[in-house]
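Number of protein chains: 2
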Amino acid sequence: MARTQGSHSGITGPRVRAVALRLFAKGGYAAVSMRAIAAEVGVQAGALYNYTPDKQSLLFDLMQSHMADLLAEAPLDAGAAPPEQLRQFVEFHIRFHADRPDAVFIAYMELRNLTRENFARIEELRRAYEDRLEAILRAGVASGDFGVADTRIATFAIIAMLTGVNTWFRAGGRLSLKEVTAQYWDMVQKAVAKAD
Amino acid sequence: MARTQGSHSGITGPRVRAVALRLFAKGGYAAVSMRAIAAEVGVQAGALYNYTPDKQSLLFDLMQSHMADLLAEAPLDAGAAPPEQLRQFVEFHIRFHADRPDAVFIAYMELRNLTRENFARIEELRRAYEDRLEAILRAGVASGDFGVADTRIATFAIIAMLTGVNTWFRAGGRLSLKEVTAQYWDMVQKAVAKAD
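One line per chain: the protein sequences are A and B, in this order.
Residue numbers 1 to 196, in the numbering used here, belong to the letters of the first sequence in order.
Residue numbers 1001 to 1196, in the numbering used here, belong to the letters of the second sequence in order.
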């Protein structure tokens, strides 16, 4: 079963990432060694370094690709009316996060374990995502659809509210994700509405 | 400067807790040793065990007293109209959490490091706090003041939104905490309002 290093890396890479994601989410970055990741992948510890230079790079890679996916998949329909754009954003945000609880958990929990430079790069991506929502809110204020005093604060409030779904929602529970999303959309819609 | 063990514990206890809180918040529970806590307090590692049986007890103690303070200080004014009770809750929640960022950070970040039994006890306290807010929302639905389809979901949404302030608010920034609170109250108030 000898393989060239190239094909070996190609097969192992996604598995290393999946294992690292699961172990970091379960035990925390600080408590998980490269040796433990290698053992779970089923390779020698040394073989891991064919894939990643170190544990920090692995963490950064996981967080960066999570944020890159978020930005790539977020709806961007500048032609739609602001309330419709906001609805799409709310539905997307809840679904995207519900689909990848481990990656979301790490994206919040392990920020403190990034080097200063890596932290700055992740923050830049997070900021870019927040800017997407803020642009929708600004457009809605300009069009007269929304009544938001400070679009930056409303952005933070809405994202925190929506991401919170991950802390309590369990598939197969009292409500489906679709029902939950409808209720969050109702609250968000009202929260940004013009006061009577 | 010899002291009896009793007075020694009395003086050292609050300091041990303060140091543990700061170190756990900074480096994470898993990465902080009892030895490191002792060094920062300025005592021998063995002396720490006069105060706490182990690191798990120290973590649990910090989280439990945080939740106990939260419950003890939360406004409970069942005589007031539901919108007024909700306003008091929102103002209290933001201020209480802004005042103790390290304890809040740990209360969320270190849940996974509690033993199963300790986790269950902290969850019980958290549930009791959530129940306070849900009781206000239910009262407001009953009185016709609020239009909330599911008071449990609205409870989760509001708490996540308000706690999120801690992730971005810095004293001395663009807005005062009072101004920020006023904007969150505006959004919460609208989010639970009856639809037109």
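Simulated from the structure, these hints should not be mistaken for laboratory data.
All C-beta atoms, glycine included, are put in the ideal place defined by N, C-alpha and C.
Don't take every hint at face value.
BS3-like cross-link-like pairs, simulated, lysine-lysine; straight-line CA separation at most 27 Å [stated by the list, open to error]:
hint: 1; chain 1: B; residue 1: K1055; chain 2: B; residue 2: K1026
hint: 2; chain 1: A; residue 1: K55; chain 2: A; residue 2: K26
hint: 3; chain 1: A; residue 1: K26; chain 2: B; residue 2: K1194
hint: 4; chain 1: A; residue 1: K178; chain 2: B; residue 2: K1178
Computed spacing ranges between beta-carbons, pair by pair [stated by the list, open to error]:
hint: 5; chain 1: A; residue 1: A142; chain 2: B; residue 2: L1175; range: 19 to 25 Å
hint: 6; chain 1: B; residue 1: N1166; chain 2: A; residue 2: R170; range: 42 to 48 Å
hint: 7; chain 1: A; residue 1: W168; chain 2: B; residue 2: S1143; range: 58 to 64 Å
hint: 8; chain 1: B; residue 1: A1182; chain 2: A; residue 2: R22; range: 38 to 44 Å
hint: 9; chain 1: A; residue 1: Y108; chain 2: B; residue 2: A1068; range: 33 to 39 Å
hint: 10; chain 1: B; residue 1: A1068; chain 2: A; residue 2: P53; range: 22 to 28 Å
hint: 11; chain 1: A; residue 1: A142; chain 2: B; residue 2: A1120; range: 22 to 28 Å
hint: 12; chain 1: A; residue 1: K194; chain 2: B; residue 2: Y1129; range: 39 to 45 Å
hint: 13; chain 1: B; residue 1: Q1056; chain 2: A; residue 2: Q56; range: 45 to 51 Å
hint: 14; chain 1: B; residue 1: L1175; chain 2: A; residue 2: R116; range: 45 to 51 Å
hint: 15; chain 1: B; residue 1: G1046; chain 2: A; residue 2: Q88; range: 18 to 24 Å
hint: 16; chain 1: B; residue 1: G1172; chain 2: A; residue 2: R174; range: 30 to 36 Å
hint: 17; chain 1: A; residue 1: A31; chain 2: B; residue 2: G1046; range: 37 to 43 Å
hint: 18; chain 1: B; residue 1: A1080; chain 2: A; residue 2: A31; range: 32 to 38 Å
Taking the hints in turn, this is what the structure says about them:
Pair hint K1055(B) plus K1026(B) holds up; C-alpha atoms about 16 Å apart against a cutoff of 27 Å. Distance check on the hinted pair: K55(A) and K26(A) sit about 16 Å apart at the alpha-carbon level, within 27 Å; holds. As the CA atoms of K26(A) and K1194(B) are separated by approximately 41 Å, the hinted pair breaks the 27 Å bound. A threshold of 27 Å between alpha carbons decides the hint, and for K178(A) with K1178(B) the separation of about 36 Å lies outside it, so the pair is violated.
Against the hinted window of 19 to 25 Å, the Cβ-Cβ separation of A142(A) and L1175(B) comes to about 22 Å, which satisfies the hint. Look at N1166(B) against R170(A): about 25 Å separates their beta carbons, and that is not inside 42 to 48 Å. The hinted window of 58 to 64 Å between W168(A) and S1143(B) is violated, with their beta carbons roughly 26 Å apart. Here the CB-CB span from A1182(B) to R22(A) is close to 43 Å, well matched to the stated 38 to 44 Å.
Hint check: Y108(A) to A1068(B), Cβ distance near 25 Å, so the stated range 33 to 39 Å is violated. For the pair A1068(B) and P53(A), the supplied restraint of 22 to 28 Å is violated, since their beta-carbon distance comes to about 46 Å. A C-beta distance of roughly 50 Å is found between A142(A) and A1120(B), which places it outside the suggested range of 22 to 28 Å. Hint check: K194(A) to Y1129(B), Cβ distance near 32 Å, so the stated range 39 to 45 Å is violated.
Checked against the given bound of 45 to 51 Å, the beta carbons of Q1056(B) and Q56(A), roughly 28 Å apart, lie outside it. Hint check: L1175(B) to R116(A), Cβ distance near 27 Å, so the stated range 45 to 51 Å is violated. One distance hint, 18 to 24 Å for the beta-carbon pair G1046(B) and Q88(A), is violated here, with the actual separation near 60 Å. Range check, G1172(B) to R174(A): about 43 Å between beta-carbon atoms, so the 30 to 36 Å window is missed.
For the hinted restraint 37 to 43 Å between A31(A) and G1046(B), the CB-CB distance of approximately 25 Å leaves it violated. Between A1080(B) and A31(A) the beta carbons are some 47 Å apart, a value that contradicts the proposed interval 32 to 38 Å.
In summary, the structure is inconsistent with hints 3, 4, 6, 7, 9, 10, 11, 12, 13, 14, 15, 16, 17, 18 from the numbered list given earlier, while agreeing with the others.
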